[in-house]
Amino acid sequence: MSAHTRTARGWPWYARWHTVLRFEAFLSAAIGLAVGLGWAAGGGYFWPGWVWLALAIPLGLQAAVRWGLRAPKGQRFLAVHTSVSFALGVMLLFIWLLGGARYFWPVWPIASLAIVLGVHRWFVRNRPNAREQALADRVGVLTRTRRGALDVQAAELQRIERDLHDGAQARLVSVAMSLGLAESLLETKPDLVAGLLTEARSTAVAALDDLRTVMQGIQPPVLADRGLEGAIRALALDIAVQVTVTGGLPGRAPLPVESAAYFTAAECLANVMKHSNATSAWVDLRYEAGLLSVVVGDNGVGGARADGGTGLRGVARRLESFDGAMTVSSPAGGPTTVTMEVPCELSSPKT
Amino acid sequence: MRVVIAEDLALLRDGLSRLLRAHDFDVVAEVADPVALAAVLATQPVDVAIVDVRMPPTFTNEGLVAAIEARARRPGMPVMVLSQYVEQLYARELMLSGSEGIGYLLKDRVADVQTFVDAVRRVAGGGTVLDPKVVAALLSRPERREPLGRLTPREREVLGLMAEGRSNAAIAGKLFVTDKAIDKHIANIFMKLDLPMDHDDNRRVLAVLRFLQDSAPTAP
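Sequences listed follow chains G and Y, in order. Heads up: the first sequence begins at 1 in the numbering used here, then just goes up one per residue. Heads up: the second sequence begins at 1001 in the numbering used here, then just goes up one per residue.
To be clear, the hints were calculated from the coordinates, so they are not data collected in a lab. Since the structure is predicted, the reported quantities are computational estimates derived from the model, not experimental observations. Keep in mind that the hints are not guaranteed to be accurate.
[To be verified] Derived list of chain Y stretches under chain G, where covered just means 3 residues or more per stretch with a C-beta under 8 angstroms from a C-beta of chain G:
# : stretch
1 : 1073-1087
2 : 1116-1122
[To be verified] Using C-beta positions, here's what the derived DEER-type ranges look like:
#  : chain 1 : residue 1 : chain 2 : residue 2 : range
3  : Y       : Ala-1111  : G       : Thr-246   : 21 to 29 angstroms
4  : Y       : Arg-1150  : G       : Gln-219   : 24 to 32 angstroms
5  : Y       : Phe-1059  : G       : Pro-256   : 17 to 25 angstroms
6  : Y       : Leu-1011  : G       : Glu-132   : 19 to 27 angstroms
7  : G       : Asp-209   : Y       : Asn-1188  : 18 to 26 angstroms
8  : Y       : Arg-1073  : G       : Arg-147   : 49 to 57 angstroms
9  : G       : Leu-150   : Y       : Lys-1174  : 48 to 56 angstroms
10 : G       : Leu-197   : Y       : Lys-1174  : 34 to 42 angstroms
11 : G       : Lys-189   : Y       : Lys-1174  : 40 to 48 angstroms
[Claimed, not checked] Here chain Y is said to cover these stretches of chain G; the calculated rule only asks that three of the stretch's residues, wherever they fall, bring their Cβ under 8 angstroms from a Cβ of chain Y:
#  : stretch
12 : 146-160
13 : 168-179
Quick reminder that beta carbons are idealized off the backbone N, C-alpha and C, glycines included.
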């Protein structure tokens, strides 16, 4: 990176400084030359050395700072520190030389400068900066939530497979068997056929019931039809305690968020039914400043814990994959409030 | 009886059509989407429309919307809505378009052919038929509000069966009591719900409507 890069607002400040520095160097050289000529005319002790040193100190320091500033952003402070320390060390050596080069006293200040510089370097190398720290934390969260999401997904698939296998599939096998038997008995024992057909029909209807239950667990149809708000209103109607739904959403959340929010609300309402002894519950839906919030409350006995049963913990894990969070307030004696928040964007409502 | 069937899955459309024709219905049209349904309803006299909830273009609840729109254009137009799943929310929305001539059933119910055919006839005649699943959900809720809170458990049960679209005789058969006992229960229900003296079928519909409204959520 060149110090002379022209920016939109003109030359950078250290480039203007460069011009000043050149003028300064020129003036110093002129003074130094004049002093040198003056000594040459008079002779004696070589005093211009001190004048030259005095002229060189500001120039040297400024040059060191400028050299340090050429380092890439983020390393400049250390680079300036290094170059200034080096310049100071060189100056100390010159002072020692001009002073007669006897006892090598500059070893002490130079050693001090080196120690400070060493500590600085070590510190910069070993302590990641804030941005890196934030990224590392983020990677940690993503690793954990991705594993959680995959675990949840795998468990879901396993559950669905088992439900289908033990439910609808088994029933359809039974339907096929009844129909096959009916077919074979049609000629020989027609009086048995009617019973077999009735049995086949009722088993087929039971299979449909099973399939509906499985589908409800995968993606409730009403969620696809009506979005989160409509689905929660429909859910509220199916629950045996009075559930009041308030608030609303100005659009539709992304499908996976909708689904996670729906199932978390469903889990909370199921908990209300199972554990709270509540006579009424409420759900409040909001979308504010990029945050979808679903709050489920009841007037029950309280004592719900986020880390208690698997239910609420599953809810929290499900939300985590969307950077969502759940907080539970449930003092003994109630009331219980579970707040779920998920950052997301809403699509404009269907017209 | 002239019927139009709106169902996008050919397999089910053909099955329904075959079943209805076998029971002397005149299937005047079989359509696969709500637009075609509206066209048929606008041009042909139809006694009852049988409509699937999920249809193109979005495959969500077009059928429900189409049914409500058809009833907005022709108040009281009998519609039997069929679905692979039932929601109380949808039952309520259908009832808001007027409670006469409304049916809302799971497709599974078609398997019980006689009951299904009777339900279609009842709807065509202005009756109300709700799926037993919807009714069961309504019955499972504790009574909270007047005037339904005044009904005895038995009367609530009878009211639920009325909502399923069953006749007095069918209700008596289901509950193992005499027709006379059912008549008495129903008279009590009408009285307790303050239903005006009127044509009996109409009162049945009004009673069912009260039943649905009992668990209606309070307006936010």
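Is the distance from the Cβ of G:Lys-189 to the Cβ of Y:Lys-1174 consistent with 40 to 48 angstroms? This hint is violated: roughly 32 angstroms between Cβ atoms.
Outcome of range test on Cβ distance (G:Leu-197, Y:Lys-1174; 34 to 42 angstroms): Since G:Leu-197 and Y:Lys-1174 have Cβ atoms about 23 angstroms apart, the given range 34 to 42 angstroms is violated.
Supplied distance hint 17 to 25 angstroms, evaluated on CB atoms of Y:Phe-1059 and G:Pro-256: At 19 angstroms between Cβs, range holds.
Is the hinted range of 49 to 57 angstroms satisfied by the C-beta distance from Y:Arg-1073 to G:Arg-147? Holds: the Cβ-Cβ distance is about 55 angstroms, inside 49 to 57 angstroms.
Given as covered by chain G, does the stretch 1116-1122 of chain Y meet the bar of three residues or more with CB within less than 8 angstroms? With 0 residues close enough to chain G, the hint is violated.
The hint says 18 to 26 angstroms between G:Asp-209 and Y:Asn-1188; measuring C-beta to C-beta, is that right? violated (34 angstroms)
Confirm or reject the claim that G:Leu-150 and Y:Lys-1174 have a C-beta distance inside 48 to 56 angstroms. holds (50 angstroms)
Can you confirm whether chain Y covers the stretch 146-160 of chain G, using C-beta to C-beta distances below 8 angstroms and requiring at least three such residues? violated (count 0)
Count the residues of the stretch 1073-1087 of chain Y whose CB lies closer than 8 angstroms to any CB of chain G, then report whether that count reaches three. That given contact holds, which follows from 3 residues of the stretch 1073-1087 of chain Y lying within Cβ reach (below 8 angstroms) of chain G.
Distance restraint hint 24 to 32 angstroms, applied to the beta-carbon atoms of Y:Arg-1150 and G:Gln-219: Hint violated: Cβ distance 41 angstroms, outside 24 to 32 angstroms.
Verdict on chain Y covering the stretch 168-179 of chain G, criterion of 3 CB contacts below 8 angstroms: violated (count 0)
Cβ-Cβ distance between Y:Leu-1011 and G:Glu-132: within 19 to 27 angstroms? Violated, since Y:Leu-1011 and G:Glu-132 (Cβ atoms, about 60 angstroms apart) do not stay within the stated range.
Of the numbered hints listed earlier, those contradicted by the structure are 2, 3, 4, 6, 7, 10, 11, 12 and 13.
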